[in-house]
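Q: Under my numbering, residues 1 to 488 are what the sequence shown spells out, in order.
Mixed in with the good hints there might be a few duds.
Using 25 Å as the maximum straight-line C-alpha spacing, the simulated DSS-like pairs for lysine-lysine come out as follows [to be verified]: (1) Lys437 <-> Lys386; (2) Lys271 <-> Lys163; (3) Lys363 <-> Lys386; (4) Lys111 <-> Lys163; (5) Lys125 <-> Lys185; (6) Lys281 <-> Lys163; (7) Lys185 <-> Lys271; (8) Lys163 <-> Lys185; (9) Lys386 <-> Lys429; (10) Lys111 <-> Lys91; (11) Lys91 <-> Lys163; (12) Lys363 <-> Lys429; (13) Lys407 <-> Lys437; (14) Lys271 <-> Lys281; (15) Lys429 <-> Lys407; (16) Lys91 <-> Lys281; (17) Lys111 <-> Lys281; (18) Lys437 <-> Lys363.
Quick list of the computed label-pair ranges, beta carbon to beta carbon [unchecked claim]: (19) Val348 <-> Arg328: 47 to 57 Å; (20) Glu361 <-> Thr338: 19 to 29 Å; (21) Gln286 <-> Ala59: 55 to 65 Å; (22) Arg328 <-> Pro282: 33 to 43 Å.
Hints were generated in silico from the structure; no laboratory data involved. All C-beta atoms in this analysis are idealised placements derived from N, C-alpha and C, irrespective of residue type, glycine included.
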Amino acid sequence: MKLSCAALLITSADSFRGKILRRRAEQGSIWVPIALPARSVEYLNPVTGETRGAPPSGALVTAAARVQGYQEPAVTYGAPGEQLVSNATRKSCVPHCMWNCDKPICEQNCKPVCRAGTCETRCPKMNQTDLEKCHVQCQEPQCNMFCPKNTLCKDNSTLACPKCTTRCEEPQCNFVCNHDVDVCKTVCPEPVCTFECGKTECPHPKCSMACETPPDCSSNPTPPPVTTDEFVVGSATAGVGQAHWLPEAWAPCSTTCGTGIQTRPVHCSTKHDEDCGEQPKPATSQTCADYQSCQWTPGAWTNCSARCGPGEQTRAVACAGDKCLAARPATTQPCVGTHPECTQCTAVAFGGPNFDGWSLEFKEGEYTVSDMEAMGARCDDISSLKVVGLYCQTTVYEFGDFNGQHKGWEATFGRGAYDRMGLVQGGAKDNDISSLKVHRHAPQGVDQSGAWSQGAGAGGAGGAGDHAPRSSAAAAGALTALLLSQFA
Numbered sequence: 001m002k003l004s005c006a007a008l009l010i011t012s013a014d015s016f017r018g019k020i021l022r023r024r025a026e027q028g029s030i031w032v033p034i035a036l037p038a039r040s041v042e043y044l045n046p047v048t049g050e051t052r053g054a055p056p057s058g059a060l061v062t063a064a065a066r067v068q069g070y071q072e073p074a075v076t077y078g079a080p081g082e083q084l085v086s087n088a089t090r091k092s093c094v095p096h097c098m099w100n101c102d103k104p105i106c107e108q109n110c111k112p113v114c115r116a117g118t119c120e121t122r123c124p125k126m127n128q129t130d131l132e133k134c135h136v137q138c139q140e141p142q143c144n145m146f147c148p149k150n151t152l153c154k155d156n157s158t159l160a161c162p163k164c165t166t167r168c169e170e171p172q173c174n175f176v177c178n179h180d181v182d183v184c185k186t187v188c189p190e191p192v193c194t195f196e197c198g199k200t201e202c203p204h205p206k207c208s209m210a211c212e213t214p215p216d217c218s219s220n221p222t223p224p225p226v227t228t229d230e231f232v233v234g235s236a237t238a239g240v241g242q243a244h245w246l247p248e249a250w251a252p253c254s255t256t257c258g259t260g261i262q263t264r265p266v267h268c269s270t271k272h273d274e275d276c277g278e279q280p281k282p283a284t285s286q287t288c289a290d291y292q293s294c295q296w297t298p299g300a301w302t303n304c305s306a307r308c309g310p311g312e313q314t315r316a317v318a319c320a321g322d323k324c325l326a327a328r329p330a331t332t333q334p335c336v337g338t339h340p341e342c343t344q345c346t347a348v349a350f351g352g353p354n355f356d357g358w359s360l361e362f363k364e365g366e367y368t369v370s371d372m373e374a375m376g377a378r379c380d381d382i383s384s385l386k387v388v389g390l391y392c393q394t395t396v397y398e399f400g401d402f403n404g405q406h407k408g409w410e411a412t413f414g415r416g417a418y419d420r421m422g423l424v425q426g427g428a429k430d431n432d433i434s435s436l437k438v439h440r441h442a443p444q445g446v447d448q449s450g451a452w453s454q455g456a457g458a459g460g461a462g463g464a465g466d467h468a469p470r471s472s473a474a475a476a477g478a479l480t481a482l483l484l485s486q487f488a
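Taking the hints into account, I'd like the entire structure generated from these sequences.
A: Below you can see the structure in the form of structure tokens.
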């Protein structure tokens with residue numbers, strides 16, 4: 001920092017000491033302390049013009065010099081009631097000062113200075129007999145004065161005195177005559193506050209300060225008058241306290257499954273929120289999340305994917321909330337199809353017209369020509385056949401001993417219904433079935449899941465069962481051809 005306008009009063013005699021000082025000054029090792037008005041002492045190097053708050057190590061410090069030409073800025077007050085700041089832009093009711101300089105303007109607020117009064121501890125009066133036997137002994141109450149940093153304006157009001165408040169603990173008083181006094185109290189006067197309009201570090205030289213005239217706030221703080229039913233037993237001077245916000249613990253989240261709100265009480269340390277009004281109040285609510293009660297909701301299991309045998313069931317599983325913490329239940333499981341057709345295995349032989357006329361049911365087993373005739377079947381008049389059961393088969397033979405003694409045709413039919421044409425296409429000729437076998441068999445390639453053709457499942461006329469499913473149109477065509485051949 002340079003100090004170009006300073007005139008230094010340094011001894012310049014042609015003495016031996018003066019020559020040494022000049023030589024050391026030329027070397028830049030002499031530092032001169034300068035006492036500036038309203039500032040701390042600074043040290044100037046007369047060779048370089050540099051100033052420091054402290055001389056460098058090993059420097060020669062001369063006698064103090066004063067700066068010529070520096071003037072303390074004057075402070076002027078406006079007329080009573082005159083305002084430097086309009087009510088529309090005023091942020092507080094504190095008197096305001098404004099520096100006017102040849103540099104950018106800097107501003108400051110006047111600071112309130114308060115005098116705390118004397119607080120009194122008062123107890124109810126007692127009759128003369130009680131007072132002769134007892135005396136009151138009270139502990140000194142703890143009192144503190146709380147003042148706001150700024151006085152907020154209300155309704156564009158004019159300047160107002162700062163409002164400070166004294167807070168005291170309730171006194172602890174006892175009569176020595178072995179019984180307590182419960183109604184003692186501490187009474188304090190309201191603090192008396194005035195404004196102190198000080199000076200700040202503004203650009204200099206040539207500055208002047210204009211201040212609003214503070215209101216007359218001077219008076220002595222005194223407690224309210226003592227009432228007729230109380231007397232003073234002690235006094236204490238209130239200190240200066242600092243009010244602050246005291247937040248309590250957060251309450252539990254408003255929900256236990258999802259996002260909610262939790263709250264907490266926040267109060268001023270003086271138990272009067274207005275004493276903490278200028279400080280940012282901690283938050284009293286915040287968002288929270290809790291998923292302890294979120295549960296999985298499984299749906300119903302579907303039917304088994306296999307009509308018969310091993311298969312799989314599925315179900316939907318949804319979380320009844322934003323997030324479920326527990327493990328998700330299974331959405332698939334193995335199953336076994338148990339449709340009645342899985343265990344059925346019978347064959348029905350029809351005589352006369354297709355599926356009309358006489359009929360006989362044959363369960364699992366082997367039937368020779370004698371067995372069939374004993375049951376009432378006419379072997380040379382079997383015109384159609386039904387095989388019931390997903391894995392059921394019926395094998396028919398031309399001769400009654402299952403072709404054991406005579407070479408003849410044989411044909412096997414799976415689940416389905418076969419008319420005359422269907423029997424012929426399957427290998428049974430001339431409507432001459434002399435013996436048959438009804439048995440279970442799951443040939444390789446049969447869909448164990450039960451996803452078979454509806455035409456084959458219904459045994460469409462002329463179909464070849466599970467081995468050669470036929471469409472209903474083809475079956476109808478075969479039946480029509482058969483009828484026409486009978487009337488040809």
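Q: Need the list of violated hint numbers for this structure, in ascending order.
A: none
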